[in-house]
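Work out the full structure: start from the sequences and follow the hints.
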Amino acid sequence: MPKEIVWVEDDIDIISSVVRPLELAGYNIVKLRSSSEANKAIDRIRQADLVLLDMLLPIGKNGSDVEDYEGLRLLRNWYATYKTDFPPVVVFSVITSDQVVSELRKIKIVAGILSKPARPSELKQKIERALQVGGEGAAARTSKSGRK
Amino acid sequence: MHEVLDRREEVNKKLMDLIASLTKIPIGLYESYDGHVEGIIPDASRKNFEEHCHLIQSFPGGRERCEADQCNRAKIGLNSDREQLVCCYAGLYNQLVPIRIGGKTKAVVVYGEMQIEDEELKKKSLENHTQAVKVLGLNEAQAGELKRLLLQAKKYSPEDLETLKGLLIAVEDLLYMLVDEEKRTKRIVERTTHELVTRMQAVISAAENLELELDVLNRKEVKHRCEDIINCTLAYNTVVQTLGEHLEDYSYHKHPIPEIIREAVQTYEAEAQRRGVEIKLSLQRENDSWTEVSKKHLQLAINNLVHNAIKYSFYGGGDKNRFITVSGSPEAGHYKITVYNYGVGILPDEYEDIFKEGYQGKLTEREYRTGSGKGLFFVKRIIDKHHGLIYVESRLMANLEEELLGKPHLNKFTVCLPYKQPRGGKQNA
Numbered sequence: 001m002p003k004e005i006v007w008v009e010d011d012i013d014i015i016s017s018v019v020r021p022l023e024l025a026g027y028n029i030v031k032l033r034s035s036s037e038a039n040k041a042i043d044r045i046r047q048a049d050l051v052l053l054d055m056l057l058p059i060g061k062n063g064s065d066v067e068d069y070e071g072l073r074l075l076r077n078w079y080a081t082y083k084t085d086f087p088p089v090v091v092f093s094v095i096t097s098d099q100v101v102s103e104l105r106k107i108k109i110v111a112g113i114l115s116k117p118a119r120p121s122e123l124k125q126k127i128e129r130a131l132q133v134g135g136e137g138a139a140a141r142t143s144k145s146g147r148k
Numbered sequence: 001m002h003e004v005l006d007r008r009e010e011v012n013k014k015l016m017d018l019i020a021s022l023t024k025i026p027i028g029l030y031e032s033y034d035g036h037v038e039g040i041i042p043d044a045s046r047k048n049f050e051e052h053c054h055l056i057q058s059f060p061g062g063r064e065r066c067e068a069d070q071c072n073r074a075k076i077g078l079n080s081d082r083e084q085l086v087c088c089y090a091g092l093y094n095q096l097v098p099i100r101i102g103g104k105t106k107a108v109v110v111y112g113e114m115q116i117e118d119e120e121l122k123k124k125s126l127e128n129h130t131q132a133v134k135v136l137g138l139n140e141a142q143a144g145e146l147k148r149l150l151l152q153a154k155k156y157s158p159e160d161l162e163t164l165k166g167l168l169i170a171v172e173d174l175l176y177m178l179v180d181e182e183k184r185t186k187r188i189v190e191r192t193t194h195e196l197v198t199r200m201q202a203v204i205s206a207a208e209n210l211e212l213e214l215d216v217l218n219r220k221e222v223k224h225r226c227e228d229i230i231n232c233t234l235a236y237n238t239v240v241q242t243l244g245e246h247l248e249d250y251s252y253h254k255h256p257i258p259e260i261i262r263e264a265v266q267t268y269e270a271e272a273q274r275r276g277v278e279i280k281l282s283l284q285r286e287n288d289s290w291t292e293v294s295k296k297h298l299q300l301a302i303n304n305l306v307h308n309a310i311k312y313s314f315y316g317g318g319d320k321n322r323f324i325t326v327s328g329s330p331e332a333g334h335y336k337i338t339v340y341n342y343g344v345g346i347l348p349d350e351y352e353d354i355f356k357e358g359y360q361g362k363l364t365e366r367e368y369r370t371g372s373g374k375g376l377f378f379v380k381r382i383i384d385k386h387h388g389l390i391y392v393e394s395r396l397m398a399n400l401e402e403e404l405l406g407k408p409h410l411n412k413f414t415v416c417l418p419y420k421q422p423r424g425g426k427q428n429a
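These protein sequence lines are chains C and W, in that order. Just so we're aligned, residue 1 is where the first sequence starts under my numbering, counting upward by one. Just so we're aligned, residue 1 is where the second sequence starts under my numbering, counting upward by one.
Rather than coming from a laboratory, the hints here were simulated on the basis of the structure. Just so you know, even glycine gets a beta-carbon here, dropped at the ideal spot from N, CA and C. Keep in mind that the hints are not guaranteed to be accurate.
[To be verified] Here are some, though not all, of the chain C residues that point toward chain W, as calculated from beta-carbon distances under 10 Å: (1) 14; (2) 15; (3) 16; (4) 17; (5) 18; (6) 116; (7) 122.
Structure representation (structure tokens):
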């Protein structure tokens, strides 16, 4: 069964080619364009093998209401609700300031952080490493779903 | 405000250079300041104005007439506020694309050299061409060569133009937002950076995917070009990332300097490996005397030094050593960081100039030059703000010959960060 990655990113139409090596390697990439889409698809997200997340996301239906660091807010909500019973998250974002990185490190489901711009090969490497190591809950999730 | 406007021009020029070098489209950007039209044609774009323009400009008086003609055509675009075709004095058609900010036309892009199908416009084109031949006093052979090139002028696709327009307008909008914003918040800088970097991500992804997916027969030819695109874009990213550096507060706290050095090495490890450059790291912990640093800024500075060392290391075949050494050690009263590389050198009379804004080392001509000329300027400014010291030494490693271009040098950048910081907490840039 191919591994599934859920990618939450509002600029997918512009940068979709960054995941091409992953697609060619057989990964199934599910694309969500806002935090509201992510909230609606939470069940799918929880079943995924990994989540790829941008920090700067719109919250509205049309992406018109931009609130800074909505991605961080999403992450915190996921962690608060599900603790480590959640797929590993790789943060792929321009916003990787010291303050944000420091906050991200407190969230145990974050399995990697990669700054944009990055080569597609670097992103693939980061994701594959995160899938190997996983977040803290990887072992528990494996035993539950038997997916990995 | 004035400083941000200067940055706007800098970013515009760099952006035009990047677009011109990536797309091979002849581009000129013209702006109107108080009714005076100024043209910005970066070097890469100048090279893209193909044979026809080069030939015209090589004739006596040709360059001056061309440049005056371009400004006049740009004025038409600025005044008319609409896209239109305009014939240059030598017979080629360009498209004028106005760039509007807040409903007002602020700049015009002069785009392309176009072959025209329409018979009426073709007639106009030949009329202008004939006039140019007369004015420049060309002989039969020269006129014949020029006409041959005129008839072979290329077409550019409308899609190229739409992408170009979208990108330019996005950049201009964001930069004006930066200027207009009274409160220079960190969020504005981040949003601007985000928009620019997102587009650069698209470029880098396309280039690497192309490089990796080509079949073996074609790969060698394109690989070098793709790597150039990626490196050019990453170098531009450095300019973008430091665009707002001066707007961010310096915030001094205790932070282990060896960690900052290690992070810089990790950041560029993959690139060094691709280039066949070994990174030798030697770090000693700070002793009991700590130094206080603004971590984000110092990280930028050390990143830049490490990246430069990798970029300007000689690579390729042969028996040249390809390595850089990064070391950190506590000394009397300061922590010393050194970055050595073996590669493109710096002349002794450039030891101070190399830290000046926009300066590019004389020995970084040819394909070695991938930087923006801003990096070391920012590095020095950051080190100065830490009350530190930075200097460079460069030693020729071959027999002394007159021609130094391409000869390997052992280069050493040294940064000394004093232990005693007079202030901590927040401080404005």
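Hint by hint, here is what the structure shows:
For the restraint placing residue 14 of chain C at the interface with chain W, the shortest Cβ-Cβ distance is roughly 5 Å, inside the 10 Å limit, so the hint holds. Taking 10 Å as the C-beta contact cut-off toward chain W, the hint placing residue 15 of chain C at the interface holds, the least distance being around 5 Å. Hint status for residue 16 of chain C relative to chain W: holds, with the closest Cβ pair at about 8 Å, below 10 Å. At about 4 Å, the closest approach between the beta carbon of residue 17 of chain C and any beta carbon in chain W falls short of 10 Å, and the interface hint on this residue holds.
Residue-level restraint check for residue 18 of chain C holds (minimum Cβ-Cβ distance to chain W is 4 Å; threshold 10 Å). Taking 10 Å as the C-beta contact cut-off toward chain W, the hint placing residue 116 of chain C at the interface holds, the least distance being around 5 Å. For residue 122 of chain C, the suggested interface contact is upheld, since its CB lies about 6 Å from the closest CB of chain W, less than 10 Å.
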